[in-house]
Every structure is written in C-alpha cells, then in structure tokens.
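Asks: Turn these sequences into a full structure, and let the hints guide you.
Sequence order for the protein chains is A and B.
Quick note on numbering: the first sequence equals residues 19 to 239 in our numbering.
Quick note on numbering: the second sequence equals residues 14 to 278 in our numbering.
Accuracy of the hints is not assured; some may be wrong.
As the list claims (entries may be wrong) - Here are the simulated DSSO-like pairs of lysine-lysine, each with C-alpha atoms no more than 30 Å apart in a straight line:
| id | chain 1 | residue 1 | chain 2 | residue 2 |
| --- | --- | --- | --- | --- |
| 1 | B | 243 | A | 214 |
| 2 | A | 220 | B | 200 |
| 3 | B | 106 | B | 229 |
| 4 | A | 172 | A | 214 |
| 5 | A | 191 | B | 200 |
| 6 | B | 243 | A | 220 |
| 7 | A | 220 | A | 235 |
| 8 | B | 217 | B | 229 |
| 9 | A | 220 | A | 172 |
| 10 | B | 196 | A | 191 |
| 11 | B | 217 | B | 200 |
| 12 | B | 229 | B | 127 |
| 13 | A | 172 | B | 196 |
| 14 | A | 191 | A | 214 |
| 15 | B | 196 | B | 243 |
| 16 | A | 172 | B | 200 |
These are computed hints drawn from the structure, not numbers from a lab.
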Amino acid sequence: MSAPTTIESSVLDDTAPQQGRTSAPRWGTAALALAVVVGLLLGYAGGLLTPRLTRPGDASVEAGFARDMMTHHAQAVEMGMIAFDRGTDPEVRSIGGDIATSQQGEIGTMQTWLRSWGLDPAGSEPAMSWMPDGAGLVRDGLMPGMATPEEMAKLREAQGRELDTLFLRMMVKHHLGGIHMIDGVLDASDESDVVKTAQTMKNTQRNDLTNLQNALKRLGG
Amino acid sequence: MSISTPGGPERRPTVVSTGKKPAAGRPAAGAKAGSGKPAGTPRAGGKGPRKPVAPVKVSQGRAWGPIALFVAVGVLAASIIGYGAWASFQGSKPWEDRAADIEGIVNFREKDKKLVEGGNHQAGAITYSVLPPVAGPHNAAWQNCMGDVYDAPIANEHAVHSLEHGAVWVTYRPDLPADQVTKLREKVQGKEKLMLSPFEGLDKAVSLQAWGYQLKVDNADDKRIDDFIKTLRVNASIEGPTAVCSGGITATGTAPRDNPQTPQG
Numbered sequence: 019m020s021a022p023t024t025i026e027s028s029v030l031d032d033t034a035p036q037q038g039r040t041s042a043p044r045w046g047t048a049a050l051a052l053a054v055v056v057g058l059l060l061g062y063a064g065g066l067l068t069p070r071l072t073r074p075g076d077a078s079v080e081a082g083f084a085r086d087m088m089t090h091h092a093q094a095v096e097m098g099m100i101a102f103d104r105g106t107d108p109e110v111r112s113i114g115g116d117i118a119t120s121q122q123g124e125i126g127t128m129q130t131w132l133r134s135w136g137l138d139p140a141g142s143e144p145a146m147s148w149m150p151d152g153a154g155l156v157r158d159g160l161m162p163g164m165a166t167p168e169e170m171a172k173l174r175e176a177q178g179r180e181l182d183t184l185f186l187r188m189m190v191k192h193h194l195g196g197i198h199m200i201d202g203v204l205d206a207s208d209e210s211d212v213v214k215t216a217q218t219m220k221n222t223q224r225n226d227l228t229n230l231q232n233a234l235k236r237l238g239g
Numbered sequence: 014m015s016i017s018t019p020g021g022p023e024r025r026p027t028v029v030s031t032g033k034k035p036a037a038g039r040p041a042a043g044a045k046a047g048s049g050k051p052a053g054t055p056r057a058g059g060k061g062p063r064k065p066v067a068p069v070k071v072s073q074g075r076a077w078g079p080i081a082l083f084v085a086v087g088v089l090a091a092s093i094i095g096y097g098a099w100a101s102f103q104g105s106k107p108w109e110d111r112a113a114d115i116e117g118i119v120n121f122r123e124k125d126k127k128l129v130e131g132g133n134h135q136a137g138a139i140t141y142s143v144l145p146p147v148a149g150p151h152n153a154a155w156q157n158c159m160g161d162v163y164d165a166p167i168a169n170e171h172a173v174h175s176l177e178h179g180a181v182w183v184t185y186r187p188d189l190p191a192d193q194v195t196k197l198r199e200k201v202q203g204k205e206k207l208m209l210s211p212f213e214g215l216d217k218a219v220s221l222q223a224w225g226y227q228l229k230v231d232n233a234d235d236k237r238i239d240d241f242i243k244t245l246r247v248n249a250s251i252e253g254p255t256a257v258c259s260g261g262i263t264a265t266g267t268a269p270r271d272n273p274q275t276p277q278g
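Replies: In structure tokens form, the structure reads like this:
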C-alpha cells in the first residue's frame with residue numbers, strides 16, 4: 019500500500035546514514051503495520067456505509083409503499099373513528115375502533131421505517147408509482163379503495179343504521195384496495211421487515227373483510 | 014498512501030532516483046519515509062565521512078505496473094468510500110438544515126422562539142401576529158387536514174392546531190386564477206397532513222405554512238412549493254409523526270368554533 023516506489027538507491031553526494039542497513043526490517047514492519055491499519059479503516063468505513071447504501075432509497079418500492087400505505091391507512095383511521103364514535107351497532111363500533119387503532123399503530127411502524135432509512139415521510143414520486151401500472155389507479159389523488167371527499171362528507175353526516183352500513187360498505191372497498199397495494203409490495207420487495215409487516219396487514223384485512231361482510235349481511239346492507 | 018520521494022531538503026539537488034525497489038543494502042531513506050518523519054529525524058550520516066560511490070545508472074525505469082495497480086485500486090477505494098460518505102451525509106442531513114436551504118423560507122422557530130412554543134388550547138377568536146399564522150395558541154379542535162381542499166377561507170384558530178400536528182397548510186390569494194388553484198389542489202388532495210384554502214389579504218399569490226415556518230411564492234408553479242411540502246410535512250409536527258389530521262373541523266368560515274366535533278388531542 020505504502021511502499022515508497024522511488025528510493026534513491028545511490029547518490030553522488032551520498033549523505034545516507036550508514037546504519038540504514040540495520041533499518042531494513044523496520045521498514046518492512048512499518049509498511050505492514052500501515053497496510054493493516056489502512057485495511058482496517060477501509061473495512062470499518064465499508065461496514066459503516068454498507069447498510070446505508072443498501073437500505074431502501076427515496077424512490078424505492080418500500081419507501082413508496084410505506085408513504086402511500088400511511089395515506090391509505092390514515093383514511094381508514096378517520097372512517098374507523100367515525101364508526102367507533104357514532105355507530106349504533108356494537109360490532110360496527112368495535113370493528114371501527116379496532117381498525118382505527120391497529121392501522122394508526124401500523125402508521126407508526128411505517129413512519130419508523132422511513133426514519134430509520136433516513137427518508138422523509140413525504141416523497142417526491144407521484145402516488146402509487148412504486149407499483150407497476152400503479153399511477154394509473156390514482157383518481158383525483160386517491161389510491162385504490164379510498165373514499166372521495168363527497169363520500170367522506172356523507173359518512174360524517176350519516177346517522178343510525180345508515181351510518182353503520184355505509185361505514186361497512188366503505189371499509190370493505192377500502193380494504194380491497196389496500197390488499198391490492200399490499201400484494202404489490204409483497205411481489206416486489208425482499209426487505210424482510212417490510213414483507214413480514216405487509217403480510218400481517220394482509221392477513222388482518224382479509225379477516226376484517228369476512229367480518230365486515232357478515233356484519234353487512236346481518237344489518238341488511 | 015505515501016508514494017513519495019523521501020529525503021530531506023539538504024539532499025534534494027543531488028538525488029538521483031532509479032526507481033529500483035529498495036535494495037536490501039540501502040533502504041535508509043525509505044525507512045525514514047515509512048516511519049512518517051522524513052525530515053525531522055536527525056541523520057547520523059550528515060557529518061559522517063563521505064563515501065565515494067560510483068554513480069548509478071539512472072535509466073532503469075520505474076515499475077509502472079504495480080504503481081498503476083496501486084493507484085487504480087487506491088483511487089477506486091477512495092472514490093467508493095468518498096461517494097458513500099457524501100451520499101449518506103447528504104441523505105442524513107436533518108430536515109431543519111434542508112428547510113434552511115429553501116430560498117425565501119422564514120424560520121420563526123429561530124426568529125421568534127416565544128411564538129412557536131405556545132401550543133396551548135384557547136377557546137374563541139385569537140389574534141395572530143403573523144398572517145397566515147404559523148404557530149401559537151389555538152382552539153381545541155383542529156381543522157381536518159386529510160388532504161382537504163377548502164374552497165373558502167377557514168378559521169386560523171383551527172388551522173394552527175393542524176400545523177401543530179404536522180400539517181402543511183397551503184393558502185392562496187382568493188383572486189388566484191383557477192388553473193393555478195388546480196395545480197395546488199393536485200398537490201394536496203387525498204394526502205393527509207396537507208390542506209388547502211384561500212386566505213384573504215395575502216401579499217403573495219401562495220403562502221405555505223408549517224409549524225414555525227412560512228414560505229411565500231408568486232405562483233403555483235414554483236418548485237419550492239414541493240420542496241417545502243417534502244421537507245416539512247409531518248417532519249414539522251411537534252407532536253410526532255402520528256398526530257392525526259382526521260376528526261377535525263371540516264366546515265369553512267373564519268369564525269372559530271368553540272364546540273368541536275371531537276375531543277381535542
């Protein structure tokens with residue numbers, strides 16, 4: 019590494035020390051020590067940097083999924099809280115509270131991913147662009163399954179049994195869209211924590227779907 | 014890397030380099046270089062008797078192969094590591110620093126610490142010194158900021174509470190042309206921690222607010238709008254990234270509502 023490659027092997031006006039002879043082994047030792055130190059430093063730097071360079075980047079599937087799913091979840095939280103607050107059927111109220119709290123928790127998980135990847139909660143890419151053909155699924159800024167502002171206004175104004183069934187129908191649609199997005203990340207990512215969490219989300223939402231649809235049948239919606 | 018020409022200044026004029034690998038018998042100068050103090054070491058030979066030495070042939074040529082290899086590997090390693098360090102340094106620049114890089118942004122967190130500390134709930138109408146307001150006491154209910162697009166002015170007293178939860182509030186002058194409003198709407202609609210409303214009396218076409226930050230620009234095409242949103246949305250929350258924007262006031266009108274739809278948080 020540090021081998022001096024130009025060594026005066028002779029000088030006309032030679033002032034080289036006579037004991038140079040004896041330092042020959044020392045030179046070798048110094049070079050070796052330096053090489054070892056430099057090698058260790060390089061290894062240390064590489065070890066520090068590798069996780070940073072291999073973690074999901076700003077335009078990655080994982081970051082796109084986390085950001086978009088946070089938005090998707092945030093609306094489910096809004097709907098769930100309305101059902102929890104003003105639903106009349108006990109099961110509707112409990113499903114609403116369950117969905118709101120668990121999805122809000124998952125939002126925290128996804129925020130933590132982004133923070134640990136050194137990324138902003140907000141992205142620069144258009145919504146859903148991390149999924150093949152995903153951007154085409156966005157309508158007025160809304161991802162698959164998301165309710166329009168008009169539908170949300172209707173839910174806020176609904177009362178009694180009408181609110182219960184409206185919530186159930188909107189949440190079924192919301193979950194179906196959500197599962198489509200979850201499938202998108204399961205197909206494309208091999209980041210183990212993301213895949214594991216996404217799989218749990220999918221299982222939960224499928225389970226919810228059965229319960230939501232049964233409740234809808236029971237309430238005649 | 015110390016591919017160097019060792020030797021003290023006193024030797025310089027008469028040195029002839031041959032580029033030979035250090036021969037076992039004459040490594041003195043190399044040893045000094047290797048030990049990192051080429052000039053500081055007293056040389057025993059300085060006043061020793063001169064030894065008549067036959068001039069050495071100088072046309073041996075350097076061992077370019079190994080030199081090139083060393084240099085190439087060194088440059089490669091240094092550039093990989095350098096790039097990685099630079100990239101991760103840039104990437105890990107705190108959002109506060111990146112906010113400061115946005116041209117024209119006003120940072121009230123620095124300018125007016127007293128203004129930004131007040132997150133207290135206060136019922137009824139509140140007078141704000143900065144308009145549109147960027148921080149301060151606010152009503153218990155927040156304005157719904159789930160990517161809501163309000164087509165009429167909203168109450169400052171609720172909007173400030175939304176800022177506290179990490180929302181970026183985009184406001185525009187009521188006479189802004191419709192195509193400009195559409196551009197703003199496309200940035201906001203459907204995205205939580207964002208909301209859009211007209212604001213009476215704005216001195217610029219568009220003004221963006223986050224808790225303790227403001228940026229005014231002349232039109233909706235300004236690239237800094239996206240920079241502001243990317244840098245401050247959620248990040249500027251003083252209640253962390255999970256404070257919600259839902260469950261707030263969805264009505265327009267600048268009169269604050271003392272009876273919120275939901276409990277405060």
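Asks: Now look at each hint and say whether the structure bears it out.
Replies: For each hint, the structure was consulted:
no.: 1; hint: B:243 x A:214; in the structure: holds, 28 Å
no.: 2; hint: A:220 x B:200; in the structure: holds, 29 Å
no.: 3; hint: B:106 x B:229; in the structure: holds, 24 Å
no.: 4; hint: A:172 x A:214; in the structure: violated, 36 Å
no.: 5; hint: A:191 x B:200; in the structure: holds, 24 Å
no.: 6; hint: B:243 x A:220; in the structure: holds, 29 Å
no.: 7; hint: A:220 x A:235; in the structure: holds, 23 Å
no.: 8; hint: B:217 x B:229; in the structure: holds, 6 Å
no.: 9; hint: A:220 x A:172; in the structure: holds, 28 Å
no.: 10; hint: B:196 x A:191; in the structure: holds, 28 Å
no.: 11; hint: B:217 x B:200; in the structure: holds, 19 Å
no.: 12; hint: B:229 x B:127; in the structure: holds, 22 Å
no.: 13; hint: A:172 x B:196; in the structure: holds, 26 Å
no.: 14; hint: A:191 x A:214; in the structure: holds, 24 Å
no.: 15; hint: B:196 x B:243; in the structure: holds, 16 Å
no.: 16; hint: A:172 x B:200; in the structure: holds, 24 Å
Taken one by one, the earlier hints fail for this structure only at number 4.
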